[in-house]
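J.: Residue numbers (my numbering), protein chains in the order written: chain A, 145 to 716; chain B, 49 to 212.
One thing to keep in mind: the hints can contain errors.
[Said to hold, decoys possible] Not everything, but these chain A residues come out facing chain B in the computed CB check (under 8 Å):
no., residue
1, 193
2, 270
3, 334
4, 461
No lab work stands behind these hints, which were simulated from the structure alone.
From the three backbone atoms N, C-alpha and C, an ideal C-beta is built for every residue, glycine too.
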Amino acid sequence: MSETASSSTAITGAEIFCRSLQAEGVDVVFGYPGGAVLHIYDALYRQDKVSHVLVRHEQGAVHAAEGYAKSSDKPGVALVTSGPGATNAITGIADAYMDSVPLVVFTGQVPTSLIGNDAFQEVDTVGITRPCVKHNFLVKDVKDLATTIKKAFYVATTGRPGPVVVDIPKDVTAASCEFEYPESIHMRSYNPTSGGYTGQIDKAVDLILSAKQPMIYTGGGVILGKGSEALTEFTRKLGYPITNTLMGLGGYPSSDKQFLGMLGMHGTYEANMAMHHADVLIAIGARFDDRVTGNIEKFCPHAKIVHVDVDPSSISKNVKVDVPIVGEVEPVLRALIKALDAANAKPDPEALDAWWKQIREWQSQDCLKYDRDSELIKPQYVVQKFWELTQGEAFVTSDVGQHQMWAAQFYGFDKPNRWINSGGLGTMGVGLPFAMGVQFAHPDATVGCITGEASIQMCIQELSTCYQYQLPIKILNLNNRYLGMVRQWQEFFYQGRYAMSYMDALPDFVKLAEAYGHVGMRIDQPGDVEGAIKEALAQKERLVFLDFITDQSENVYPMIPAGAGQNEMILV
Amino acid sequence: MRHIISVLLENESGALSRVAGLFSARGYNIESLTVAPTDDPSLSRMTIVTSGSDEIVEQITKQLNKLVDVIKLLDMTAHPHIEREMALIKVRVGEAADREEVKRLTDIFRGRIIDVTQQTYVIEITGEGSKLDAFLEAVSPFPVLEVVRSGVMGIARGDVALQL
């Protein structure tokens with residue numbers, strides 16, 4: 145009797161996969177089937193709690209999962225087959241690793257008996273992904289499957305988040321065992337930090353309050369660590385100026401008067417000058433990336449630095465800091481606020497006044513100005529109009545290049561998780577699949593994909609996915625017929641030798657959008673920009689591809705050239 | 049500066065490649081690396097000899113700690129410690145005089161001859177790397193056929209212990 149009972153409760157690895165995902169509260173998996181994952185697809189087909197989105201290329205699956213994760217508070221999940229399925233997923237995995245996106249990517253693998261035999265569609269997935277994952281697993285026994293999946297979600301979402309790959313051989317998905325999903329998991333080798341040490345908090349507060357020319361510099365960690373509210377409270381309490389990195393935009397309301405805009409290579413003059421002249425720098429959830437610091441030798445020469453980060457290896461990696469605080473951004477900010485309230489000292493009002501006066505002077509440079517009377521469509525104008533017409537409430541994804549910088553400069557993000565782009569890896573092609581993931585996480589929201597004619601072609605096949613699932617994404621294609629950022633560098637640093645940066649033989653994007661079942665519009669007059677965006681936004685059920693023919697010669701300003709310091713910007 | 053870092057990590061397939069991969073991906077020096085399971089078979093202990101500025105070594109230890117398979121580590125250089133390396137050396141000793149001389153050198157270095165043929169000795173010698181270097185220098189007049197070095201192992205003196 146007992147024997148029958150136990151055999152009747154044993155389920156296959158494929159079913160364990162589905163049940164584990166259900167237990168994790170996964171509602172959608174982005175994926176693409178293939179031989180090694182057929183058992184899993186069969187099990188997915190026979191349940192209805194976890195839905196599956198069929199992409200057109202595995203790269204799109206991982207980017208869509210990233211978009212889902214970056215715009216929500218849940219990890220993204222992707223499922224691909226062995227061999228080419230796994231290798232096609234690598235770009236997305238590496239992208240997620242650089243930007244600390246919580247992802248669990250499941251890859252099929254050839255049966256355990258064939259591993260190492262150069263079997264059909266075999267690749268050493270664990271080996272190939274090792275340098276670009278937070279962790280990875282090869283499941284060799286069905287009995288380990290549930291626990292491994294639990295570990296994967298735990299590792300992906302805690303501490304500094306990141307992608308975790310779980311490689312599952314086909315025979316493991318066919319084998320059966322009892323299913324029990326662990327409620328919690330303990331890993332002796334993995335203990336992410338949470339709150340910061342009290343001693344360090346007090347030291348930081350002393351330094352922060354002693355500042356005459358303070359600057360707050362925050363990054364993607366504030367968004368990942370859900371620290372925006374605490375950051376806003378902290379910043380307003382101090383009255384200090386604040387800048388966000390590319391990944392940190394939305395972490396502090398951009399419409400606030402204390403906000404100086406983005407910093408870095410294409411950041412604002414005021415943000416970079418304030419960084420350069422700061423005497424105390426408060427870095428929160430940021431990693432002193434080379435695009436932010438410019439020449440490291442010239443970075444913040446006068447500043448004592450407080451650095452809050454959940455990842456100890458981010459601290460003093462590029463820049464030596466004076467008060468390191470290892471911990472999650474949110475609880476550390478709360479502790480800092482509490483300590484500020486308890487402190488007797490207050491920021492020096494006179495010094496702060498003088499500092500703000502200096503900053504207002506830098507701001508008067510109006511470093512983001514562009515020709516508003518041009519007869520050509522200025523890309524900045526398109527972004528600005530999109531921001532106005534969506535009241536800054538849209539979710540905006542971008543690809544990589546000039547349009548990305550214009551989106552970052554001209555779409556004012558007041559809320560976190562609204563700006564979805566590829567900062568670390570700088571992956572062209574992410575914009576459209578990111579937008580798909582965002583739309584799945586927020587079915588009723590306006591999702592705009594600000595892209596260029598080069599980037600969009602790198603994952604253009606996902607227009608088909610968008611049609612299948614009726615995703616009403618608005619694509620704003622800033623079409624300047626050039627690899628704009630490459631062209632800009634060639635103009636500035638290669639005496640105008642435009643090697644391979646001209647995009648010849650472009651498709652007719654309007655017809656292309658229509659061929660995929662969408663609405664396409666071409667706009668070549670500045671006067672038509674506003675109307676076209678309005679019309680696109682009114683098409684609530686349809687994907688609209690807006691092909692803006694923009695000024696070919698427009699460059700992204702201001703700019704810190706490679707090797708220069710933050711105070712050595714090229715202005716318009 | 050030279051550092052000896054001892055690492056306790058999960059004894060799982062792939063753990064070694066994670067460590068080795070970290071060093072190559074980030075361009076850290078690695079002079080030697082030894083690894084074997086401990087008395088607890090679920091754990092491996094690794095000794096890494098590396099060199100770099102204080103900042104780089106700080107990053108190395110942080111990055112190692114960040115690897116999910118790494119449980120604990122100790123930079124031996126920060127503590128009084130003992131380091132040992134073993135070498136097995138095969139020397140051609142065809143002449144009786146050579147055999148005499150090599151035997152004498154081995155005794156001086158407190159090594160042991162663990163294999164003898166008409167033509168060859170295999171010598172086992174243990175000590176710090178510099179002692180092994182000195183011995184190799186001493187036997188260099190003789191034809192050395194093969195040298196196998198284990199890489200450095202280290203352990204802290206006194207109460208300091210790298211354990212769970």
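J.: It remains to establish, for every hint, whether it holds in the given structure.
T.: Here's how the hints hold up against the structure:
With 8 Å as the threshold, the beta carbon of residue 193 of chain A stays out of range of chain B, its nearest partner Cβ sitting at about 29 Å, so the hint is violated. A cut of 8 Å between beta carbons decides the hint on residue 270 of chain A: the least distance to chain B is about 6 Å, and the hint holds. Interface hint status for residue 334 of chain A: upheld, as the beta-carbon distance to the closest one in chain B is roughly 5 Å, under 8 Å. Hint status for residue 461 of chain A: holds, given a least beta-carbon distance of 6 Å to chain B, under 8 Å.
Violation of the numbered hints given earlier is confined to hint 1; every other hint is satisfied by the structure.
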